[in-house]
Every structure is written in C-alpha cells, then in structure tokens.
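Protein chains in written order, with my numbering: chain C, 1 to 300; chain D, 1 to 276.
The hints are all genuine.
Just a few of them, taken from the derived set where beta-carbon distance is under 8 Å, the chain C residues facing chain D:
#1 Cys50
#2 Leu52
#3 Ile76
#4 Gln98
#5 Ala100
#6 Gly103
Note that these hints are calculated values from the structure, not bench results. Backbone N, C-alpha and C define an ideal beta-carbon position, used for all residues, glycine too.
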Amino acid sequence: MNAIEIRELTKNFGSKQALKGLNMTVPAGAIYGFIGENGSGKSTTEKLICGLMPPSGGTIKLYGKDYTDPNVRSKIGVLIEAPGCFPNMSVWGNMMLQAANLGIKNAGEEVGKVLKTVRMEGAASNKFKNCSLGMKQRIGIAMALLGDPALLVLDEPINGLDADGMRIMREVLVDITKDQNRTVLISSHILGELEKIATHYGIVRQGRMIKEMTAEELEAGCRTYVALQAAEMNRAKALLSCKCSRVEEDESGYIRVYDPLAPEDIVTYLYENGILVSEIRTDKIGLEEFYIDLMNERGA
Amino acid sequence: MTQTHELKFESPSFAKRIKGMLGVDFYRLFHTPMYYIFLAIAAIIPAMILSMTGMPGPDGTVTQPLYTNTWNIVAANTPLYIIGEIGEYANMNMVFIFGGIMVSIFIGHDYHSGYVKQLFTTHAKKRDYMLSKSLTGAFSMACMCVTYLIGGVAAGMISGTSFEVNIGSLLIAIVSKIIMSLGWASLYTFLNVIFRRYFGISVASSFFLGTGIPIIGAAAILGNSSILNIFLYGSSVYACLSSNILTLPVCAAVSVAWAVIYNLLGSLVLSRCDVY
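Given the sequences, and given the hints that come with them, work out the whole structure.
Below, the structure written as structure tokens:
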C-alpha cells in the first residue's frame with residue numbers, strides 16, 4: 001500500500017501556479033527525501049497533504065483514503081516550518097495541549113516518552129520562547145510524534161541548525177525512522193544529511209515531479225570516478241584530458257576522472273609521463289551532485 | 001532493533017474531538033492574563049458610570065447622575081434601538097464590545113503562534129474549531145456579564161442609587177443578555193476567521209459590529225421596530241427592564257440561529273481557503 005499517492009496535483013495562488021500537475025508516490029514504510037529548489041513546490045505539496053490548504057485540482061490519497069478523512073488524519077504527525085506553540089507556555093504545556101487535541105489517553109506518559117525520544121526531557125519546563133532553534137525543531141518533531149503517527153511529514157527540520165543541532169537532529173531522525181512501518185516524508189536542502197536516512201527520493205522542479213527513485217536506484221545511477229592529486233596538477237589534468245572523455249577538478253583540488261579506468265592504470269599512465277601521483281581513490285558522486293547534474297540537465 | 005507498527009485507523013467521534021478542543025481552549029482561557037483583565041474591566045466600567053457621573057466637579061457643582069436606578073446599568077427600561085445620547089448606551093450590551101476584542105485577541109493568538117496549523121493537521125474539523133471558539137468566547141462573555149453585574153450592584157450600593165425594579169423582568173433581561181453571548185461570540189469567531197491574517201482588522205471589525213452601529217443606523221430609518229430583534233444587537237436591546245416571558249425564547253432563538261449561521265459560514269470559509 002502507498003502511504004501517499006498524489007495525482008495531477010495543482011495549486012494556484014492567484015495567477016501564479018505553484019504546482020503544475022504534480023504526481024508523487026510514497027510507499028508505506030519509506031523514508032522519502034523530498035528535494036527541490038526554493039519555490040519548487042515542496043512546502044506547498046506538504047501543506048496540501050497536511051490539509052492546511054485546499055488543492056486547486058488533482059487528488060491526494062493517504063493510505064488509499066481521501067486526505068481529508070479524519071480517520072486517516074488522526075495518524076499523521078506534522079512539522080511544517082516551525083512548530084505551532086504558544087511562546088509564553090512551557091514546552092510541557094504546549095505538548096499537553098496537542099495531546100488533548102489528539103485525545104490521547106495517558107497524555108503525561110506519552111508526552112514524556114516523545115520528549116525523551118527527541119532528547120528534550122530536561123527542557124520540558126522551559127518556556128517555548130526561550131528555546132533555541134534546534135530545540136524548537138525537536139519540540140516540533142516531538143509534537144508530530146504524539147499519537148504514534150503512521151505518517152510523519154517533516155518540512156526542512158534540519159535547516160538553520162548548527163553542527164551540534166544537526167548531529168542531535170540526525171540521531172533523532174534515525175531513532176524515529178527505526179519503526180519500519182512508519183512512513184516519513186522529509187524535505188531538506190541539506191542533501192548530505194538526507195542521503196544518510198532516505199530510502200526513496202522525489203525531486204521536484206517548478207511544480208512538477210521530475211524524478212522519483214529508490215536509494216538503490218540512486219546508488220546504481222550515481223557514477224563512479226577516480227579522484228587524485230599529483231605533483232603537477234595542471235599538466236596531469238591536461239594529460240588525462242587527452243586520454244579520457246571527462247576530467248574535472250573539484251572544489252577540494254582533486255582531479256576527477258569519470259571514465260571507467262582502474263586507478264593503477266591512471267597512476268602508470270601519469271608516471272610514464274613523468275608525473276607522480278600523491279593520492280588516488282575511487283568514489284561515487286553523492287545525492288547532492290546527482291541532484292545538481294539532474295538540475296543542469298533539465299535546465300539545459 | 002527495529003520496532004513494528006500496527007496501522008489502525010480509528011474514527012474519532014465528535015464528542016472526543018470537541019472534548020479535546022474545548023479542554024485546550026478553556027485551559028488557555030484560564031491561563032490567559034488578558035481574560036482576567038477583561039473581567040476586571042467589565043466590573044469597573046459600571047462602577048465608574050454609577051459612581052462618577054453623580055460626583056461633584058472641581059467647581060463644587062454636582063452633575064446629574066446618568067442613572068437614578070442601579071438596574072439601568074444592566075438594561076434600559078424599554079427597548080431603545082435608537083440612541084438619543086451616548087449615556088443611554090451604557091449598559092450590559094457594552095460587555096459584548098469588550099468580549100469582541102477579547103475573542104479577537106484570543107483567536108489572533110491561535111494564528112500568530114501557529115497553533116491552528118498544528119491543530120488542522122490532525123483529525124480536527126473546521127466546524128469543531130468554530131464551535132469550540134464560539135463556546136469558549138460565549139463563556140468568557142457570560143463571565144464578563146456576571147462581573148459587570150457585580151461591579152454595577154456594588155457601585156449602586158456605595159452611591160446609594162435606587163434598586164427599585166420588577167425582579168422577574170430584571171432576571172429575564174440578565175439571563176437573556178447572557179444567552180446572547182453565544183451569538184455574539186460566534187459572530188466574532190467568524191470575523192476573526194475571515195480576517196485571520198489581519199489581526200488589526202479583525203479587532204476593529206469586532207469592535208465596530210459589537211457597538212451595534214449598523215443596527216442603530218437601521219433603527220434611525222425604521223424607528224423602534226421589533227423587526228430589529230432578528231439581529232444580535234436588536235435582541236440584546238430587547239432584553240430590557242420591561243422584559244416579559246417572551247423575551248427569553250426570542251433572545252435564545254436569535255442567539256442560537258446566528259450562532260449556527262456564523263458557525264456554518266466560518267466552517268465553509270476555513271474549508272475553502274488556506275488555513276495558514
């Protein structure tokens with residue numbers, strides 16, 4: 001069964017069309033990385049799934065039911081942008097209000113449990129307004145986890161966090177995605193972090209889904225390359241360019257050879273031309289580069 | 001170790017949904033300092049009107065008191081839709097103006113904090129939200145009516161103003177006005193849903209309609225016509241010190257009818273428009 005099935009979804013804001021017939025399929029149990037540029041329609045899609053705005057056209061089905069069905073809505077946890085909390089109320093108070101809205105029995109126990117999951121049990125008595133951005137995002141995830149949701153929709157939960165906040169958030173995300181039957185739709189610009197947890201990806205551009213794939217498909221589709229550093233980088237690059245079809249220098253100062261050549265062949269070739277290789281390794285392009293390449297292809 | 005997660009879709013009943021939402025709204029109301037400030041204002045206003053209008057001025061001259069009967073602070077002797085002077089306006093109907101501002105601030109916090117976003121992503125229905133806000137607003141206004149009454153009686157006793165009244169009519173007027181709180185609260189909830197992105201406009205519109213100016217304007221054309229009783233302000237004025245047994249069902253019917261209308265309209269707006 002698919003947790004989310006979207007067909008020909010459109011959303012207009014006045015004369016501006018934010019979504020132009022978006023299709024999306026999120027299998028139940030997937031951790032779905034939702035990727036796209038700013039203004040591509042990620043947040044709009046998530047808000048539509050969450051029932052915060054009505055679509056202009058198309059259908060949204062959650063677990064085979066219409067997205068407005070209260071039966072299915074009771075099993076959805078959401079963090080869109082920032083958590084909706086009263087600033088002068090304590091973290092605990094805000095959590096208890098959400099638990100009451102969800103009609104959770106043993107609310108205190110449940111709130112304590114989810115706060116522990118997001119490593120916030122020590123800050124329960126803090127006023128929400130006094131929490132840092134990272135803490136607020138974790139509170140938002142804790143709220144989303146109330147009621148043991150089958151589907152979690154997280155809109156850019158990592159963005160804006162410092163290194164430590166990101167590390168804690170990564171741990172939290174790993175923990176909450178351990179439940180194999182829980183589906184997580186997560187959007188983020190930080191693709192390196194997303195790559196560590198996602199099982200499926202959807203790439204959206206200008207209101208349309210341009211690619212959906214599994215992590216395995218991404219892995220298979222990502223090209224292998226040889227990265228190297230040599231004594232004379234410019235000459236080494238020139239030499240390799242004569243022999244190979246695609247040679248580039250990356251931001252870290254490594255020469256990348258994308259042709260299917262063995263590292264030892266490259267070392268030998270450069271050695272024969274009087275250049276010593278100081279470092280060489282094989283690697284694969286990551287999600288970020290895959291995404292940039294895809295965007296460049298589509299842009300072209 | 002991974003956990004397993006059994007997927008069960010339970011249908012939350014209306015009673016369960018509304019119980020949770022009312023619980024949250026009443027908790028918030030009782031933990032909002034502004035609510036107690038408005039209760040205090042409601043008590044102080046009649047006290048000021050009764051005690052200060054008959055006080056001697058700096059030159060020693062004593063002004064004519066606005067009311068010679070304490071119960072006029074609750075309602076006029078007869079239904080006065082047309083206001084001859086501003087003093088005639090000073091009765092329990094003023095509570096519905098303060099109440100409007102309070103409801104606007106209360107609902108404004110829902111949107112400002114993002115609470116509605118959190119709420120509407122759950123199983124909460126838009127009509128539950130309208131009903132919960134209307135009931136909470138009505139309760140707060142009913143409480144303000146009570147503190148207004150206490151403030152008025154205390155001031156009447158201190159200033160020695162007459163308490164002569166037909167007790168039956170007085171009780172009907174008080175109960176009728178309290179019942180009108182439901183209709184008024186529904187109106188304010190609806191206005192705040194319409195202007196949810198414009199806090200200032202929602203407060204101003206609540207104030208404007210709470211004053212009953214449109215009905216006072218209509219009365220200037222129609223005169224003291226009983227047809228005005230079909231409106232919230234009209235019925236609120238109809239609950240006066242000459243009320244009879246008919247007044248109570250009229251006020252109840254008008255209040256409930258407008259509450260239903262505004263709740264339905266508000267639910268429609270919320271379901272057709274972007275919530276957040």
